[in-house]
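Q: Residue numbers (my numbering), protein chains in the order written: chain A, 375 to 754; chain B, 375 to 754; chain C, 375 to 754; chain D, 375 to 754.
Hints in this document: simulated from the structure, not taken from any laboratory.
Positions of the beta carbon are idealized from the N, C-alpha and C atoms, including for glycine.
One or more of the hints may lead you astray.
Partial chain D-side listing against chain C, Cβ under 7 angstroms, derived [claimed, not checked]:
no., residue
1, 671
2, 675
3, 677
4, 678
5, 685
There are 4 protein chains.
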Amino acid sequence: MKKLNVGLIGYGFMGRTHSNAFRKVNNFFDLPYQPVLKAICGRDENNAKAFAQKWGYESVETDWRKLIERADIDLIDIATPNDTHAEIAIAAARAGKMILCEKPLSMDGKQGEKMVKEIEKARVPNMVWYNYRRVPAVTLAKQLIDEGRLGRIFHYRAKFLQDWTISKDLPQGGAGLWRLDVKSAGSGVTGDLLAHCIDTAIWLNGSIGSVTAMTETFIKERKHNLTGKVEKVGIDDACAFLARFENGSLATFESTRYARGHKALYTFEINGENASIAWDLHDLHRLQYFDHRDEGKLRGWRSIHITDSDHPYMKHWWVPGLQIGYEHTFIHQVADFLAGLGAKKPMHPDFRDALETQYVCDAVLKSAKTGKWEKVPKSK
Amino acid sequence: MKKLNVGLIGYGFMGRTHSNAFRKVNNFFDLPYQPVLKAICGRDENNAKAFAQKWGYESVETDWRKLIERADIDLIDIATPNDTHAEIAIAAARAGKMILCEKPLSMDGKQGEKMVKEIEKARVPNMVWYNYRRVPAVTLAKQLIDEGRLGRIFHYRAKFLQDWTISKDLPQGGAGLWRLDVKSAGSGVTGDLLAHCIDTAIWLNGSIGSVTAMTETFIKERKHNLTGKVEKVGIDDACAFLARFENGSLATFESTRYARGHKALYTFEINGENASIAWDLHDLHRLQYFDHRDEGKLRGWRSIHITDSDHPYMKHWWVPGLQIGYEHTFIHQVADFLAGLGAKKPMHPDFRDALETQYVCDAVLKSAKTGKWEKVPKSK
Amino acid sequence: MKKLNVGLIGYGFMGRTHSNAFRKVNNFFDLPYQPVLKAICGRDENNAKAFAQKWGYESVETDWRKLIERADIDLIDIATPNDTHAEIAIAAARAGKMILCEKPLSMDGKQGEKMVKEIEKARVPNMVWYNYRRVPAVTLAKQLIDEGRLGRIFHYRAKFLQDWTISKDLPQGGAGLWRLDVKSAGSGVTGDLLAHCIDTAIWLNGSIGSVTAMTETFIKERKHNLTGKVEKVGIDDACAFLARFENGSLATFESTRYARGHKALYTFEINGENASIAWDLHDLHRLQYFDHRDEGKLRGWRSIHITDSDHPYMKHWWVPGLQIGYEHTFIHQVADFLAGLGAKKPMHPDFRDALETQYVCDAVLKSAKTGKWEKVPKSK
Amino acid sequence: MKKLNVGLIGYGFMGRTHSNAFRKVNNFFDLPYQPVLKAICGRDENNAKAFAQKWGYESVETDWRKLIERADIDLIDIATPNDTHAEIAIAAARAGKMILCEKPLSMDGKQGEKMVKEIEKARVPNMVWYNYRRVPAVTLAKQLIDEGRLGRIFHYRAKFLQDWTISKDLPQGGAGLWRLDVKSAGSGVTGDLLAHCIDTAIWLNGSIGSVTAMTETFIKERKHNLTGKVEKVGIDDACAFLARFENGSLATFESTRYARGHKALYTFEINGENASIAWDLHDLHRLQYFDHRDEGKLRGWRSIHITDSDHPYMKHWWVPGLQIGYEHTFIHQVADFLAGLGAKKPMHPDFRDALETQYVCDAVLKSAKTGKWEKVPKSK
C-alpha cells in the first residue's frame with residue numbers, strides 16, 4: 375500500500391468531513407493507497423494547530439502557496455470558500471499536484487472553464503466533492519437507471535430545503551457564515567444547495583437543455599460581521615427553476631433556506647415509464663422504489679433499507695439493518711478516488727463534470743434576471 | 375331486487391354504522407336484495423323517533439320483543455350492549471328472523487354456546503359484525519395468505535391501542551359509557567378490542583391453541599353514572615397475552631385504553647417464511663407487504679395504496695388513489711350478507727365463528743387470574 | 375326541514391359523488407334543508423334510468439333544457455364535461471335555479487366571465503365543486519393560517535401526480551375518457567388537476583400575481599374513440615409552473631399523468647416564518663404540522679390524525695381514530711351549501727372564486743406558449 | 375491528554391466497532407484521555423495481524439492471558455463469544471485492568487454474579503457494551519423521562535426482529551456463526567437481542583418484577599460447522615414475554631430471527647399519562663414523541679430528526695439534518711467512559727447493571743420452561 379501525502383487547505387466544516395474520510399478509509403476498504411495527513415493549511419495559526427492536533431496532521435501551514443510548493447505533498451484538498459477555489463486549484467495544477475476541490479467548483483462558468491483548462495493541461499488526477507453521489511441509496515439509483523429499469527424518463531424533481539436563515543438577526547459573513555456573503559460564496563442557495571441537486575440530476579438523467587428560474591432574497595439587509603455594518607444582502611435566499619432535460623423529460627428544482635421545519639431536506643424523484651425512484655437526505659439510508667411490472671394488486675412503493683451487503687458500498691460497513699450516515703459519503707469518495715488512482719481510471723465527478731453544473735447555475739441565475747428561458751451552455 | 379325488511383335494535387354508535395350500511399349498499403353494489411329500514415327499536419321513544427327521522431326508519435318500537443314479533447320484519451340487527459345480545463338473539467332465532475349481531479357475540483363462551491345452539495337449530499342466516507375483516511387491505515391480506523404466498527407462518531402480532539380512559543374523572547357506565555361497566559360489557563378491552571384482534575387472527579392464521587395473559591385495571595375506582603356513586607372498576611383497562619397457534623406460530627396480543635397518543639390503533643403483522651404483511655387501522659387504506667422473493671437489492675416493504683379496482687371491494691367505489699374509510703367496512707359486510715343470501719351460501723363470521731373468539735377471550739381472562747397457560751376450548 | 379329539489383345533469387363519476395352527497399348529508403348533519411333527488415338528466419335514456427334506480431332519482435330527463443324548465447326543480451347540479459358548463463349554467467341562471475357546477479368552471483376565463491356575469495345578475499345561490507377545500511385536514515390548514523399561526527409566508531408548493539395515461543394504447547375521447555379530448559376538456563392536466571391545486575392555493579395563500587410555465591404532451595397521437603382515427607393529442611399531459619403570490623411568497627406547481635407510482639397524489643406544503651403545513655391526498659385524513667415555537671429539542675413534524683371531534687367536520691362522523699375518505703368532501707360541501715342557504719350567507723367557492731382559478735390556468739397555458747412570465751388577470 | 379493503552383480481545387464484528395470507536399473518539403470529543411491501540415489478541419495469528427494492520431494496532435497476541443499480563447496495557451476490551459467473558463474478565467480484574475466487556479455480560483446470572491464480585495473487589499473501571507443507550511434519540515428519551523414529562527407510566531413494549539436464520543441450510547457454529555451455537559452463546563435471541571431490549575427498558579423504566587415467557591426453536595436441527603454433523607439446535611430462535619415493571623407498568627417483549635422483512639428492527643415504545651415515546655433502530659436518528667399537553671386539535675406524533683446541536687451528543691458531529699449511524703453509539707460510549715475516567719465518576723452500564731439484565735434473561739428462560747410467571751431475582 376502506497377502512501378499518499380495530503381495537504382488540506384481549510385479547517386472548517388468541510389475540513390472535518392474530509393479529514394475524517396482520509397483517516398477512516400483504509401479501516402474499511404482495501405485500497406492501493408493510504409492517505410497520510412501531512413499538512414493542514416489555514417490562515418489562523420492557532421486554529422490550524424488545534425485542528426492538526428485533533429486530527430493528527432503532521433504539520434501546519436498558514437500560506438497555501440507554501441503548501442503547494444512542498445515536495446512532500448502529493449494531493450491538495452481545497453476546503454475553502456468558493457471565491458478561493460480557482461486560484462488555489464490553478465496553482466496546484468501547475469505544481470503537478472492531484473486536486474480534490476470542494477463544490478461548487480467556481481464562482482461561475484467562466485472561471486470554471488479556466489480551471490478545467492489548466493487542470494486538463496496538467497493532467498493531474500482530480501475530483502470535486504459532490505459527495506451525495508456516494509450515498510449508497512443514490513448510487514443504487516444510478517445503477518437502476520443504467521440498467522434501464524425505469525424506461526423512458528418523464529419527470530425529474532429535486533428540492534433542497536433548509537430553514538436556518540429565517541431569523542433577521544443572523545449576520546452575513548464572518549466565520550461559519552461566509553455562505554451568506556455574496557463575495558465569498560458567489561451566490562446563495564443556487565451554488566450552495568442547487569449545485570448538489572444539479573450534479574446528481576445530470577449524473578442520473580443526463581444534460582439539462584434549458585431553464586427558467588426565479589430567485590428571491592427575503593431579508594434584504596443584514597449586519598455584515600466583517601464590516602460591522604448593515605448591508606444589502608447579495609445572495610439568493612431561495613431559487614426555483616423549471617428545466618427541460620435533453621432526453622425530453624421535464625423537471626422542477628427548488629432550493630431555499632426559508633422552509634420552516636426542514637434542516638437539510640435534499641430530495642429527488644424520477645419517474646420513468648416502468649419504474650420510479652425517490653430519495654431523501656433526512657433518511658439517507660432508504661431508497662423508495664416503485665416498479666409497475668410488479669403484480670397489479672401488490673404494486674406499491676418499496677422502502678428499501680440500504681444496509682445489505684449487495685447494496686453499493688455497504689459490504690464494507692456493518693450488517694443488514696445497521697445504518698451509516700452523512701460522513702460516509704466522503705469516505706466512499708476517497709475510496710473511489712484511491713481505487714481509481716491505482717487502476718489509472720478516470721474518477722468522477724471531475725472538474726469537467728463540475729463545470730457542467732456551473733453552467734446550469736449560470737443559466738439559472740441569468741434566467742432569474744431576464745425572466746426568460748435560457749439555454750445551458752455546452753462544455754467544450 | 376327483493377326487499378329485506380330490517381329491524382334495528384339500538385340507536386347508539388353502532389346503530390349509526392349499521393344504518394348507514396343498509397342505506398348505501400345498493401348505491402354501490404348490484405345485489406339480489408335491498409334492505410328496507412322498517413323499524414328502529416330503543417328504550418327512549420324520543421331518541422328512537424329522532425333517530426328514525428334522521429335515518430329514514432319507517433317505524434319505531436320501544437320493546438324489542440314486540441319488534442321480533444312483527445311479521446313485517448325479516449332481519450333483526452342487534453346493536454345493543456353486550457349483556458343483551460343472548461336474550462335478543464335467541465328470541466329472534468326462535469321467531470325465525472335472520473340475525474346480524476354486534477360483537478362480541480356474548481358475555482362469555484357458555485352464553486355463546488347457547489346462542490349458537492339456538493341459531494343453528496333455527497337455521498336462520500346470521501352474521502356477527504366483526505367489521506375489520508372487510509377493510510379491503512385486510513381482505514387482501516386474507517387472499518394473499520390463502521394463495522400460499524407467505525409460506526410457513528412463524529409469527530403473528532396484534533395490538534389495539536387507545537387512550538380515551540386515562541382521565542380519572544371519566545365515569546363508568548351510563549349513556550355512551552357502558553363499555554366501562556362490567557355488568558353491561560362483560561369485560562373491558564378484552565371483549566371490546568382484543569375480540570377484534572382475535573377474530574382477524576383466527577381468520578387469517580387459524581385456531582389459537584393456548585394462551586398466557588395478564589390484565590390490569592389502572593384506575594381502580596370511578597364514579598358510576600347510573601348509581602351516582604364511586605364504585606370499584608370491574609373491567610380490564612389493559613390486557614396482553616402470548617399465544618401459540620395450532621399451525622405452530624407464536625403470537626403476541628395487546629390491548630389497552632391507556633396508550634397515550636393512540637386513538638384506535640389496531641395493528642397486526644404476520645411473518646411467513648417467504649413474505650410478511652402488516653396493517654394499521656389508522657391508515658386502513660394501506661397494506662404493508664414484504665416479499666423475500668423480490669430481487670435482493672430491491673427488497674423492501676411495499677406500501678400498497680388499496681384503492682385500485684383489482685383490490686377487494688374497491689371496484690365499487692371511486693378511482694385509484696381515492697380512499698374510503700371506516701364506515702365502508704359495514705357496507706361491505708351487508709353487501710356480502712345480501713349476496714350470500716341470494717346465493718344461499720354461508721356467510722362469515724357467523725355465530726359459530728364468533729364463539730371461537732369468545733373461547734379465546736375466556737381463556738385469556740382465565741389465564742390472567744391463574745397465571746398459567748390455558749388451553750382454548752374447542753368449538754363442538 | 376325544507377325540501378330542496380335537485381336536478382342532476384350527468385351520470386358519470388361526478389354524478390355518483392354528488393348523488394351520494396345529497397343522499398347522505400342529512401343522516402350526519404342537522405340542516406335546514408333536505409335535498410330530494412328529483413331528476414337525473416343524461417343523453418342515454420337507458421343509462422339514465424339505471425342510474426335513477428341505483429340512486430333513487432324520481433324521474434329521468436334526456437334533454438337538459440327540459441330539466442331546467444321544470445318548475446319542480448330548485449337546483450341544477452352540473453356534472454357534465456367542461457365544454458358544456460357555460461351553456462347549461464347560463465340557462466339555469468336565467469331560469470332562476472340555484473346552481474352547483476363541477477370544476478373547472480369553464481373552458482377559459484373569457485367564457486367564465488360570461489357565466490359569472492349571468493349568475494350574479496340572476497342572484498342565484500351557486501357553488502363550484504372544488505371539493506378538496508373540505509377535506510377536514512385542508513379545512514384545518516385554512517383555520518391555522520387564518521389564525522396567523524404560520525406568520526409571514528415564504529413558500530407554497532403543490533403537485534398533483536397521476537400515472538394512468540402512460541400507455542400508448544389508451545384512446546382519447548369517448549365514454550369516461552373525455553378528459554383526454556381537448557374539445558371536451560379544454561386542456562389536460564391544467565384544467566383537470568392543477569385547477570384543484572390553484573383553487574386550494576388561492577384559498578390558503580391569496581392571489582397569484584404572475585407565472586411562468588411549461589407543458590408537454592408526451593404521447594403525440596392517440597386513437598380517438600369517437601372518430602375511430604389516430605389523431606393528434608391536443609391536451610397537455612404535464613404542466614409545471616413557477617408563481618409569485620401577491621403576498622410575496624414563491625411557489626412551484628406541477629401536475630402530470632405520467633408520474634409512475636402515483637395514482638392521485640395531490641400534495642401541498644406551505645412554509646411560514648413560524649410554522650409549516652403539509653398535506654397529501656393519498657393519506658387525506660392526516661395533516662403534517664411543524665411549529666418552530668415548540669421547545670427546541672422536541673421540534674418535529676407532527677402527523678395529526680384528523681379524526682377528533684374538534685377537527686373540522688369530524689364531530690359529525692365516527693369516533694377518534696376512525697377515518698373518513700374521499701366521498702365525504704362532497705357531503706361537507708353540500709352540508710355547507712344547505713347551511714348557507716338557511717343562513718342566507720354566501721357560500722364558497724362560488725362562480726367568481728372559480729373564475730380566479732380560471733384566470734390562473736389561462737396565464738399558465740399562455741406562458742407555456744410564450745416562454746415568458748405572464749401576469750394573472752384580475753377578476754373585476 | 376493522557377494515553378490509555380487498549381488491549382482488544384477478538385477481531386470479529388465487535389472488534390471492528392470497538393476499534394473504530396477508539397480511533398475516532400478524540401477527533402470529535404474533547405477528552406482527558408486518548409486511547410492507544412496497543413494490542414489486538416486473537417487465536418489465529420494471521421487474522422490478528424491483518425486486523426492489526428487494518429486498524430493500526432501496535433502489536434499482536436494470540437493468548438489473552440499474555441495480553442492481560444502485559445504491563446503496558448491499561449484496559450482490556452472483551453469482544454469474544456459469550457462463553458469466554460467470565461474467565462477473561464475475572465483474570466483482567468485480578469490483574470487490575472480496566473474492562474470493557476461485550477454484552478451479554480455472562481452465560482447466566484450465576485456466572486455474572488462471580489464477575490461482578492471480582493470486578494467490584496478489584497475496583498477497576500468497567501462498562502458493558504450495551505451501545506443502544508447511546509443512540510442520541512434513546513438518550514433523549516431517557517432525558518425526557520427523567521424530566522418527568524411522561525407522568526405515570528402505563529406501558530412499555532419492545533421488539534427486536536431479524537430474519538437472517540430462516541433458511542434451513544444455514545449452519546450453526548463456526549466463524550461468524552457462534553451466535554447459533556448454544557455452547558458459545560448460552561442462549562439464542564434472549565441473550566443476543568432481548569438483552570439489549572431489557573437493558574434499555576430497565577434504564578428507561580426501572581426494574582422488572584416478574585415475567586412469563588415462551589420460546590421456540592423453529593428449525594430443530596442444523597449442520598454444525600465445527601463438527602460437520604447435523605445436530606440438534608440448542609438456542610431459542612424466538613422468545614416473547616410479558617412483564618410487570620416495579621413501577622406498575624405492563625410490558626410486552628419479543629425477539630426473533632424469523633420475522634421476514636426485518637433486518638435489525640429494534641423498537642420500543644413507552645406510554646405515559648402525559649406523553650409517549652417511540653423509537654426504531656432502522657431509523658435510529660429519529661424519535662417519535664406525542665405530548666397530550668399540546669393543543670387539542672394539533673396533537674400528533676412528532677417525528678423528531680435528532681441532528682440538532684441541542685440533542686444528546688450531536689453538537690460533536692455535523693450540522694442539523696445530517697444523520698449519524700450505528701457505529702457512533704460505540705464512539706459515544708468510549709467518550710463517556712473516558713470522560714468518566716477523568717472525572718472519577720461511575721460509568722454505566724457497568725457490570726452490576728448488566729447483571730440485572732442477566733437476571734431478567736434467566737427468569738425469561740426459566741418461565742419458558744415452567745410455563746409460569748417467574749420473579750426476577752434482585753441484585754444484591
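Q: A separate judgement is required for each hint: does it hold in the structure or not?
A: Hints, verified against the model:
no., hint, result
1, 671, "holds, 5 angstroms"
2, 675, "holds, 5 angstroms"
3, 677, "holds, 5 angstroms"
4, 678, "holds, 4 angstroms"
5, 685, "holds, 6 angstroms"
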